[in-house]
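Trainee: Listed here are the chains, written in short residue letters.
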Amino acid sequence: MGEFKVHRVRFFNYVPSGIRCVAYNNQSNRLAVSRTDGTVEVYNLSANYFQEKFFPGHESRATEALCWAEGQRLFSAGLNGEIMEYDLQALNIKYAVDVFGGPIWSMAVSPSGSQLLVGCEDGSVKLFQITPDKIQFERNFDRQKSRILSLSWHPSGTHIAAGSIDYISVFDVKSGSAIHKMIVDRQHMGVSKRKCIVWGVAFLSDGTVISVDSAGKVQFWDSATGTLVKSHLIANADVQSIAVAEQEDSFVVGTAEGTVFHFQLVPVTSNSSEKQWVRTKPFQHHTHDVRTVAHSPTALISGGTDTHLVIRPLMEKVEVKNYDAALRKITFPHRRLISCSKKRQLLLFQFAHHLELWRLGSTVATGKNGDTLPLSKNADHLLHLKTKGPENIICSCISPCGSWIAYSTVSRFFLYRLNYEHDNISLKRVSKMPPFLRCALQILFSEDSTKLFVASNQGALHIVQLSGGSFKHLHAFQPQSGTVEAMCLLAVSSDGNWLAASGTSAGVHVYNVKQLKLHCTVPAYNFPVTAMAIAPNTNNLVIAHSDQQVFEYSIPDKQYTDWSRTVQKQGFHHLWLQRDTPITHISFHPKRPMHILLHDAYMFCIIDKSLPLPNDKTLLYNPFPPTNESDVVRRRTAHAFKISKIYKVKHLVLLFWIVGSFVISKCNKLHNWKIRAPSVSMQRTWIVGNKSPF
Amino acid sequence: MVQLRPRASRAPASAEAMVDEGQPASEEEEAEHGLLLGQPSSGAAAEPLEEDEEGDDEFDDEAPEELTFASAQAEAREEERRVRETVTAPSRPEKRKRREELFIEQKKRKLLPDTILEKLTTASQTLNVKKSPGKVKEVNLQKKNEDCEKGNDSKKVKVQKVQSVSQNKSYLAVRLKDQDLRDSRQQAAQAFIHNSLYGPGTNRTTVNKFLSLANKRSPVKKAAVQFLNNAWGIQKKQNAKRFKRRWMVRKMKTKK
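Which chain is which? The protein sequence lines are F and Y, in order. By the UniProt record's numbering, the letter at position 581 of the first sequence is numbered 581, and the numbering carries on one by one without gaps. By the UniProt record's numbering, the letter at position 34 of the second sequence is numbered 34, and the numbering carries on one by one without gaps.
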């Protein structure tokens, strides 16, 4: 392996925002998640739970409800009183319709998928018709006295249940009038001054309405007579969310204590036809409020204020009991938030509303394997760049020479020039950026920092020439077919000749930058690309997909390399395929062309192409071998995949190769965000590695 | 037109009042005079005027006339009334005319310049021609909005989103009043959610307290997890720092 120094960076204080709503789409097995800062993410659950699309957030958007309608259309409604539809192809917001009812608290799609119901602050329930290109207001239902906090359709589409403060109303859809008004007790067996807020309602096809409220009760009502059938007290705090399975034999509720309860319809005694609802399983996977739950055919999905998305497959519903049936906790975004300037040893951190530029520390000491070296110069916080406006930053990048910073929001593109004089840094903004560069999904600088590559959400790829303090738009590659498809990932070769771009569905396109034309297209694979990079000397494109497959494609030869073919023939080790976080970055050692460095959130791996591949029987994660073992044994057990988890790295966000050293930057543990001791975040350690294997 | 009442000088009026007081004259007369003078027909007020009458011939040598409070008050009231009556009160139709003119002027001041208004009206007309169903839908929306707002206790929200000007599509004109209303409603909604989840009555505590309870309840009492509160007394600390700096400077000076 050789000797290398490792920078452990622990001052990236990234805190994701809490999850507010979750919506599951059965046909495509996709999950839409909306967060408190307005970001909406779409996860593809069948592609190994990969986050394939995201819509950046906005300060004024506080979404309160999210739902899928017929034909894969995604709608959200929030406290700004508007219903928004998201364009999943172009990754932007199609339109926003003002509802004129004040802040919207709840939204529900009819079982047929063609009508939309919203509950507003002023107590009105409004019905909208979903037309092919927009939504149209149809009519209002009877206005109620207090805000409508939850809505649910009867599976036949004839009645709806609306939960409000201290009562639940049942409406008849045809006439729009309230049939029943069911008063909810403020406290189970007792009196209370606090109003009882009905956070969720669900309407079953046999006419039962299930309600969850802030007193910690789950209650079953009969909608035909408007009476209470059964009441369960399950928590001391609010029960904030409910989701019913499609077969209506189980439902899940989430509480403010972080517990998720599973209720099932079980027969009273075996061989009995009479069934009743029984609370079967409690799950404690969250530390804070569980604001939203969803029920897919095989799993329970929950999300809340502690920002984790937890997917818990139900053992009785899962067919094959393998590693897939384990708990999934998605904490970190599946895309890169850090960029690095190798020449000047700078790191650029991207947050929601600002960017931070840090210079790495240095040391002159040396030591043995596993030593922690003292720093001679601490890491420096050079720049704190805040964005103007309420929008979140979509992507950012710093050039390898360290003199350009670029970032993009939905409406604007920013390019800055940095000047360094004796440890001082000055920033100058390049004004009058062209409007077609805005809403960029990925920004990349070429190795010599003369060109800027921008992938916009319309599918076009722009090349901008940078010189001195100004820029010039060179070329724009338009999408191949007529459809608009957002380009998500970019990779550029170190000699500046080749540019690889991957979209959401088609294969990876490779463009010739010097001749400004399409060179070739890597064949499409049915799982999305999670990371891409082009090797420095051989110009091999290494692609990692969300099912943990890694391909190597030779760009000059326009075909897969031999190594890649052997890997595919033999297949990957089963432990490798069972990792649950996607590979987010690929990098190369400049002096060793046979090495590929990749990492995901919990480990980093160096693939040595010269060594034999591991088969299923060998150990994948090989620890430090004892030194008294003979050379022969060591050579026999050595294989190509060298995986390291020894740095006690909890959440790896980025791994880079800077000349002579690794940079690992990890995130602080989320649980500490309230009681973080300040000294920990500035701590730096150095470790010197020894010859292989590690 | 109101007729001006004849200006009555002070002396003869008082004499008349005096005369009337003695005789129980008709109520109307009394009332009238009482109105004119605003003087209470009481004996106390009458006395000094008697003195006045007597000393009429020799008033050059005598001390100036004594002026009682009541008479001065009466005078002031008379003056007031005279001033009021000289200003003619306009008639109803005149008032209305003036008010309308004032409103038109104010409206003109508030409106956007004429050029933009023309553009907007032409733009809306063209849009009317092209997208008539769309417009009808908007009109319906507004009507429905008004219908449901009739019973609304809160202020009437009539949002008139103006179509963007055809040339310059970079802005959209929206009434500011509606924007304020929307912001205040959104803030009220957020306050409601915050109160219901984190307000008084919810059994919530900070992470520090939650984790420190175990330390406090253990047989060997330990400090809280986050013992120091660095945000306490920031102003005091700053003042202390400043004072210390100044004191040092002073000390250095005196030493020298």
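Errors might be hidden in some of the hints.
As the list claims (entries may be wrong) - Cross-link-like lysine-lysine pairs, in silico, DSS-like; alpha carbons within 27 Å at most: (1) LYS558(F) <-> LYS569(F); (2) LYS119(Y) <-> LYS145(F); (3) LYS145(F) <-> LYS275(F); (4) LYS342(F) <-> LYS591(F); (5) LYS388(F) <-> LYS209(Y).
Hints were generated in silico from the structure; no laboratory data involved.
Trainee: Next, verify each hint and record whether it holds.
Mentor: For each hint, the structure was consulted:
Of the pairs offered as hints, the one joining LYS558(F) and LYS569(F) holds, with about 19 Å between alpha carbons and a cut-off of 27 Å not exceeded. Our distance criterion of 27 Å between C-alpha atoms is broken by LYS119(Y) and LYS145(F), whose separation comes to about 43 Å. Restraint check for LYS145(F) and LYS275(F): not satisfied, since their Cα atoms lie roughly 36 Å apart, outside the 27 Å limit. Proposed proximity of LYS342(F) and LYS591(F) is supported: the alpha carbons are some 15 Å apart, at most 27 Å.
Pair hint LYS388(F) plus LYS209(Y) does not hold up; C-alpha atoms about 37 Å apart against a cutoff of 27 Å.
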